[in-house]
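Engineer: Below are the chains, spelled out letter by letter.
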Amino acid sequence: METVSFILFSFLGALVMVGSIGTVWSRNPVTSALFLVLNFFALGGIYLLLEAQFIAVVQVIVYAGAIMVLFLFTIMLLNLDDEQALKEKFDLQKGFGILLGGVLLVEVLYILGLKINLPQKSTTLTPVEIGEAKNIGRELITNFLFPFEIVSILLLLAVVGAIVLAKKNFSPNT
Amino acid sequence: MPNNLPEIIEQVKLSLGAFVPEISLSALFLLVITLDMVLNEKRVVIPMVSLVGFVITGFFTWQQLDMPNQEYFLRMHVVDPFAVFFKFLFLGAGALAVLITMDSEELGEKNVANIGEYYAVLIAMVLGMFLMASASDMLMMFLALELVSISSYILTGYLKHQIKSSEASLKYIIYGAVSSGLMVYGMSLIYGLTGQTNIYEIAKFISANEVDEVTLTLAALLVMGGFGYKIGAVPFHFWSPDVYEGAPTPVTAFLSVGSKAAGFAMLIRFFKVAIPAEPTGELAFDWVNFFALIALVSMLLGNFAAIWQSNVKRMLAYSSIAHAGYLLLGVLVADDLGTQAVMFYLAAYTVMTVGAFYVVILIANKIGSDDVNDYRGLGKRMPLTAAALTVFLVSLTGLPPTVGFIGKYMIFTALLGKGTVFLTLAIIGVLTSAVSLYYYFKIPLNMYLRESEDGAETPMESSAFANALAAFLMILTIGFGLFFTPLANFAKNSVIMLVMN
Amino acid sequence: MGQEISEFGKVFLFLAVGVIFVVLGFVTSRLIRPHRPYTEKLTTYECGEEPKGSAWVQFNIRFYVVALIFIIFDVEVLFLYPWATIFKQVGGYALAVALVFLGVLTLGLIYEWKKGYINWVVPTPNIPKMPTKKFEKPKSLEKPKVAEPETTA
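Taken in sequence, the protein lines are chains A, B and C. Anchor point for the first sequence: position 155 equals 155 in our numbering, and the numbering is continuous, going up by one each time. Anchor point for the second sequence: position 162 equals 1162 in our numbering, and the numbering is continuous, going up by one each time. Anchor point for the third sequence: position 84 equals 2084 in our numbering, and the numbering is continuous, going up by one each time.
Any given hint could be a false lead.
Here are the simulated lysine-lysine pairs, DSBU-like style, with alpha carbons at most 30 Å apart [what the hints assert, rightly or not]:
| id | chain 1 | residue 1 | chain 2 | residue 2 |
| --- | --- | --- | --- | --- |
| 1 | B | K1110 | C | K2114 |
| 2 | C | K2115 | B | K1164 |
| 3 | B | K1171 | C | K2088 |
| 4 | A | K167 | B | K1013 |
| 5 | C | K2088 | B | K1042 |
| 6 | B | K1160 | C | K2114 |
| 7 | A | K134 | B | K1013 |
| 8 | C | K2088 | B | K1013 |
| 9 | B | K1366 | B | K1160 |
| 10 | A | K167 | B | K1160 |
| 11 | B | K1160 | C | K2115 |
| 12 | A | K167 | B | K1204 |
| 13 | A | K94 | B | K1013 |
For the record, the hints were derived by calculation from the structure and aren't laboratory data.
Bound-form chain A, shown alone (with noise of 0.2 Å):
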């Protein structure tokens, strides 16, 4: 039934709400870093409803898993006792944060008001078939071959990048 997914979206959608705003208000980092876990795995709940069950598996294992993770660790490693210290005050930059924001509000409200008539894709899969990790995997290597073989090129400079970025500091011999 319609309505019984519109009120789980409901749900879902209130939950990355409070947690995002709890990300941007709660004073102490941890606490904001524990909204932004709740953010991320509500977000993944919606992946679900949208029956994207692989996206989904992803959104929880990598953003609130591992890049949560590192989150804390950076919050550990800075060692933020002192809360005051990240208070700020209204300035000319949040103005423009808050302009952007509504503008971006604005822009979402008008699109959602829209009557768009969906291109239709041909496919003969259902909804929940496409989500499948079988015919992700299936694209990846066919449609999707090149990107696929690019990214393992971003993820190499990645490695790179984060050693010679985190490395502690500079000695001659590594």
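Based on the hints, put chains B and C in the right spot on chain A.
Structural biologist: For chains B and C alone, kept in the frame of chain A given last:
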């Protein structure tokens, strides 16, 4: 089991033949990483290997000149004269970046323990630029852009012990993340509207179906956010002064020419192909006026803000914003003449900007400062270097007999005879160039007409190699200014872009 | 079909009921329980010990590098998973595709290895100085440890 698998394998095999330059660059990237692990003495070998690799890639690119214009890799990658022109440009800029790095004290043995990865990342960046110039799918555009962006973040922050460098890198990452986020959002809107990611298919869909104009405009504006950040135009320019100042100078030089050229290549392809003018001359939405606005603000802000800068790198950053404005003027004409002018100007800009930054490096090697006020009396102490810098600055201003003059001339003539709006823009362009004269000439003024504070007049010329390179770039700047026909013809022949098949 | 919710909607309903159940339990207990906080109750529970100082400790940057590298290989594996599901059906071509992908990334692994970011070298511990008078160790225990390297060297 994909039932069209044999067909796909056949296509991939065919595509590999059209991908040789990129394969060669990828192999070079892997080779340099391997060498970095294996070798002990890297300061000479790795740059040499990189240069040889660039030359080999250049050879393969040259072979692509007579390839048929076609999309490869299941419509992800285009080979056409337009892409080939930019590939040569990126290789040239990359090779110059390698050469000027070898001479930089900033990245010298005293400051940087390991330089191997630097060249690897530089090569990856050139590869990303190659992909940017030939991407014909929004997915590839995003990936290529990220490849270039991530490389530039790493290179900007390469001097980790310098707070300025790290700060520049962080700012760059934050602005970069926001703008690529905006760009992806815009692309997703376009995908939502058309159901396509391939830019040729998008064009087909837009011309065949009714598409909501406001949404398309918004989407294109968001996409422009990503491109505008790469080319450094207002209002996406906030990062550039800090990044230009904080990054190691060779990186600054490469960013200002390579990234900008790659951004323009992608921007021109995206807007000319995906949102083309109808036969009636009407556009699906009016990106021309929008570009006109960006170009106008860029020219004004870049040139006027540069007046107050005393750090040469910062000043060149603002001037590069202004140059993005001039280049956009050529883009918004949206005809072949304008595109040709942009391509010529980008080639010219590469020579003169790399030259200017190289001289800044040479001077910084000696006096350890990038401040204009410390340049006093250098005309006597480093005559050749000072002369070269003057030539580059003349060229950046756009005065004859330099290549910069020809470039500006081509852009402004492309604007003529197309209506009052374009004419006004051309006039503003000329006037702001006059403004740029003021701040550019602050440097020669200090070098030649003012004595240094301590009155030192001992000559401190750089090495023979450095002088030769500076002289070479100087000769190129003047030479292409006098004999510009070959380059102009090359640009003219390269305008042919794969449009709608 | 039109009447049904999406496949995962069912899972969600299940989850939602679970969440509501838990939340309901907490809310009810909050409503009926007595509320009498005092200092002892509000302190952090640390196995009966008096909590001392801040729970914040500065991590070694080494963890960060490892986490960064982990993310990169995490993403790599995520790309390989869909490939693995299709591999058996496609065969040689799929193998070639993955070999290129993995070949490039293996170089990354070797690179890390060579640079020493996979070797876990235990850092020299930075032991805080104790008030020596009270906890002084017997000299006989400490001496050989310090003296030995000196005599051998």
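Engineer: Run every hint past the structure and note whether it holds.
Structural biologist: These are the hints, each one checked on the structure:
For the proposed pair K1110/B and K2114/C, the alpha carbon gap of about 23 Å is at most 30 Å, so the pair holds. At most 30 Å may separate the alpha-carbon atoms for a hinted pair to count; K2115/C and K1164/B meet this at roughly 26 Å. Distance hint between K1171/B and K2088/C is unfulfilled; the C-alpha atoms sit about 46 Å from each other, more than 30 Å. A threshold of 30 Å between alpha carbons decides the hint, and for K167/A with K1013/B the separation of about 40 Å lies outside it, so the pair is violated.
Between the alpha carbons of K2088/C and K1042/B the distance comes to roughly 44 Å, so the proposed pair goes past 30 Å and is violated. Pair hint K1160/B plus K2114/C holds up; C-alpha atoms about 21 Å apart against a cutoff of 30 Å. Pair hint K134/A plus K1013/B holds up; C-alpha atoms about 24 Å apart against a cutoff of 30 Å. For the proposed pair K2088/C and K1013/B, the alpha carbon gap of about 22 Å is at most 30 Å, so the pair holds.
A C-alpha spacing of about 22 Å is found between K1366/B and K1160/B, which places the hinted pair at or below 30 Å, so the restraint holds. Proximity of K167/A to K1160/B is assessed by CA-CA distance (about 9 Å); at most 30 Å being required, the pair is judged to hold. Restraint check for K1160/B and K2115/C: the C-alpha separation of about 17 Å stays at or below 30 Å, so the hint holds. Restraint check for K167/A and K1204/B: not satisfied, since their Cα atoms lie roughly 49 Å apart, outside the 30 Å limit.
With a C-alpha separation of about 52 Å, the suggested pairing of K94/A with K1013/B is violated against the 30 Å cut-off.
Hints 3, 4, 5, 12 and 13, counting from the list given before, are not met by this structure.
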